[in-house]
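First to last, the protein sequences are chains A and B. Using numbering that gives the first Met the number 0, read the first sequence as starting at 0 and increasing by one per residue. Using numbering that gives the first Met the number 0, read the second sequence as starting at 0 and increasing by one per residue.
No wet-lab data here; the hints were simulated from the structure. Please note that the accuracy of each hint is not assured.
Below, a list of computed lysine-lysine pairs in the BS3-like style, where the Cα atoms sit at most 25 Å apart [as the list claims (entries may be wrong)]: (1) A:Lys199 / B:Lys313; (2) B:Lys244 / B:Lys165; (3) A:Lys105 / A:Lys183; (4) B:Lys181 / B:Lys152; (5) A:Lys199 / A:Lys183; (6) A:Lys199 / B:Lys152.
Residues of chain B placed beyond 12 Å of chain A at every Cβ, according to the derived structure [said to hold, decoys possible]: (7) Ser37; (8) Gly63; (9) Ala96; (10) Gln193; (11) Leu304; (12) Glu306.
Only part of the chain B face toward chain A is listed, based on derived beta-carbon distances under 8 Å [claimed, not checked]: (13) Phe51; (14) Asn72; (15) Asn77; (16) Met78; (17) Phe80; (18) Ala84; (19) His88; (20) Arg145.
Glycine included, each C-beta is placed from N, C-alpha and C at the ideal position.
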Amino acid sequence: MRERGGVADKGRNVRQGYALLAPTLVVVGLTLAAPLGLLLITSLKSQSGIGFEAGWTLAQYSEVLGRGSYRILFARSVVVAALVTALTVALAYPMAYFVAFHARRKFLWLILLTIPFWTSYLLRVFAWKIILGYGGVINSGLLGLGLIAEPLGSLLYNPFAVVVTLAHAWAAFAILPIYVSLEKIDRSLLEAGSDLGDSKLRRFLRITLPLSMPGVIGAAILIFVPTTGDFVTPELVGGPAGAMIANIIETQFTQVGNWPLGAALALVSMTMVAVLAGLFVAAARAAARAVR
Amino acid sequence: MSFLSVSQVSKAFGGARVVDAVDLSVERGMFFSLLGPSGCGKSTLLRMIAGFETPDHGIITIDGVAMNGVPPNLRPTNMVFQSYAIFPHLNVFDNIAYGLRKSGLSSDELRRKVEAMLATVRLEGLGARAADQLSGGQRQRVALARALVREPKVLLLDEPLGALDKRLREAMQIELRAIQRKVGITFVLVTHDQEEALSLSDRVAVMSGGRILQVASPRELYDRPNCREVADFIGEINFFHATVKEVTESSVTVNGGLLGIVALPKTNVANGITAGDHVLLAIRPEHVGIAPQGLSGTIAAATFLGERSHFHVKIPGRTEPIAVSGQAPAGESVSLEFPPEKLIALPATG
Ligand SMILES: Nc1ncnc2c1ncn2[C@@H]1O[C@H](COP(=O)(O)OP(=O)(O)OP(=O)(O)O)[C@@H](O)[C@H]1O
Ligand SMILES: [Mg+2]
Chain A
0 MRERGGVADK GRNVRQGYAL LAPTLVVVGL TLAAPLGLLL ITSLKSQSGI GFEAGWTLAQ
60 YSEVLGRGSY RILFARSVVV AALVTALTVA LAYPMAYFVA FHARRKFLWL ILLTIPFWTS
120 YLLRVFAWKI ILGYGGVINS GLLGLGLIAE PLGSLLYNPF AVVVTLAHAW AAFAILPIYV
180 SLEKIDRSLL EAGSDLGDSK LRRFLRITLP LSMPGVIGAA ILIFVPTTGD FVTPELVGGP
240 AGAMIANIIE TQFTQVGNWP LGAALALVSM TMVAVLAGLF VAAARAAARA VR
Chain B
0 MSFLSVSQVS KAFGGARVVD AVDLSVERGM FFSLLGPSGC GKSTLLRMIA GFETPDHGII
60 TIDGVAMNGV PPNLRPTNMV FQSYAIFPHL NVFDNIAYGL RKSGLSSDEL RRKVEAMLAT
120 VRLEGLGARA ADQLSGGQRQ RVALARALVR EPKVLLLDEP LGALDKRLRE AMQIELRAIQ
180 RKVGITFVLV THDQEEALSL SDRVAVMSGG RILQVASPRE LYDRPNCREV ADFIGEINFF
240 HATVKEVTES SVTVNGGLLG IVALPKTNVA NGITAGDHVL LAIRPEHVGI APQGLSGTIA
300 AATFLGERSH FHVKIPGRTE PIAVSGQAPA GESVSLEFPP EKLIALPATG
């Protein structure tokens with residue numbers, strides 16, 4: 000009797016759960032699952048003129064995986080995204096740490112730190128173009144100081160410019176999750192660490208860092224995933240040497256007009272990002288757990 | 000000099016003196032309690048001993064070494080935090096081993112020490128348990144084990160039993176005392192629970208408003224409080240205003256109003272009281288006697304507590320009812336007597 004009541008309750012709970020999820024499921028279905036399905040279907044076709052040939056083929060995938068130039072682009076996207084992620088997190092962590100542990104007016108500091116992000120992403124990218132450009136702020140500054148005789152041409156239109164620009168563009172997305180995870184740490188845990196013999200540095204490595212790992216992982220994913228798929232920044236400040244996989248995908252859809260190839264590139268890129276992100280999360284968690 | 004000595008230590012937060020010229024001395028191996036109402040500065044004093052707060056004035060020494068300027072990680076103290084501060088990312092074993100990792104122990108030795116400590120606090124076999132899967136009592140034991148395993152010279156406990164329910168708290172009190180006897184480490188416990196302080200400690204310091212009022216054994220605190228505040232804080236007590244008439248070698252005669260002229264043994268009278276002083280006579284409820292002749296009154300409220308009852312007696316000419324504990328007589332009216340040897344005289348001021 001009881002047993003059956005329990006089962007009935009469970010059924011009701013499950014139904015309630017789905018009812019609560021329904022709006023989200025509809026949105027996700029329409030905006031995420033359906034387009035992904037279309038992308039998958041497209042990638043299994045091949046282009047003929049402005050339409051697709053009849054029948055299914057894996058030709059796009061063998062093209063994507065076989066061509067060396069694509070592999071270079073994939074590799075560059077991953078390396079640039081990894082560098083951007085590492086740089087952003089490394090710069091954001093001390094700022095978040097300062098606000099969480101030492102700032103008096105935390106809210107004010109958070110506002111100040113995020114003000115740059117109230118402007119458009121494109122404006123920020125253009126700002127970096129002006130800073131790094133041939134006649135830009137850095138070059139004219141160095142020239143004015145007499146430190147260089149000629150403007151440096153190497154600042155813009157390369158992967159370095161992409162890394163710097165994106166690291167700045169994403170800063171707020173890294174500061175906030177790290178700040179939240181640091182803020183949540185019970186201060187008496189830190190006192191306990193000192194009490195049990197740790198210096199400030201050891202205490203940071205053994206308590207603060209592992210406990211803020213969720214924030215670091217969140218920030219890293221938040222940055223790594225969109226960076227691998229970014230095509231605006233490489234387009235504007237990367238030049239040919241800074242092109243990334245998303246630039247080629249964009250070209251396939253808008254200029255070359257080979258949608259199936261574009262779709263296959265996009266799906267391979269997504270899979271790669273998902274696998275790498277998963278590996279990263281597992282590695283970061285394991286590292287945090289290894290701390291004793 | 001005593002093992003742990005606190006001399007003339009003061010601390011102010013934004014102008015308010017939270018700890019005010021405190022002197023304490025604690026002998027090695029003692030179970031010492033700091034007892035006082037909430038906000039009286041107990042935790043602040045304890046945190047200064049641990050090194051988390053810096054005294055504005057005064058010196059703290061442990062085993063002859065001055066602690067001023069020594070950071071918490073280098074002090075021979077360990078603390079059991081009120082919130083327990085169990086590391087949430089470590090299991091029970093690693094929580095307890097936390098403070099041993101740097102000490103250059105071999106992993107076998109470390110394991111042996113932690114296992115022994117797990118046994119001491121009766122958590123055998125729970126080493127692999129995650130920190131968030133512990134009950135309140137278990138968390139308390141982990142916090143205790145983690146501090147004890149470092150074999151500190153002084154163990155500091157900030158209301159360690161405050162978060163536990165009454166039954167568990169009483170069980171843990173007994174256990175805490177047994178563990179202290181076993182390890183022989185000096186314990187300094189902070190509490191606002193007078194029963195806890197009295198039942199656990201060798202000596203108790205009663206604190207109020209940042210000052211130490213009295214330091215004594217539990218028995219002495221109960222029988223011979225040195226001022227009204229201590230008398231009031233440690234259990235229930237009745238007060239009568241009185242004036243000192245005569246002081247002799249062995250006794251002090253006072254005019255106790257309703258109580259009449261009473262001669263108290265000199266030992267029941269606080270130091271420094273002279274003829275003509277205004278004093279308070281104090282007597283515990285269980286010392287008030289019920290006699291055929293005496294001060295008569297009526298029972299206002301009674302609580303039956305098994306063998307004995309607790310009742311309040313209204314007496315004509317006195318607004319405050321008198322608390323009495325004993326065998327309640329049948330009927331409403333009762334007459335009370337106040338044995339002089341049980342009365343104590345305290346200064347009326349302060
Ligand atoms: N860091 C601080 N800054 C400002 N005021 C403080 C600080 N720490 C404590 N106080 C104040 O000092 C007073 C004594 O605090 P303390 O924590 O020592 O009290 P306590 O006796 O331990 O009380 P409780 O029994 O409630 O824990 C309180 O009024 C408290 O508000
Ligand atoms: Mg306190």
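Hint numbers contradicted by this structure: 1, 2, 9
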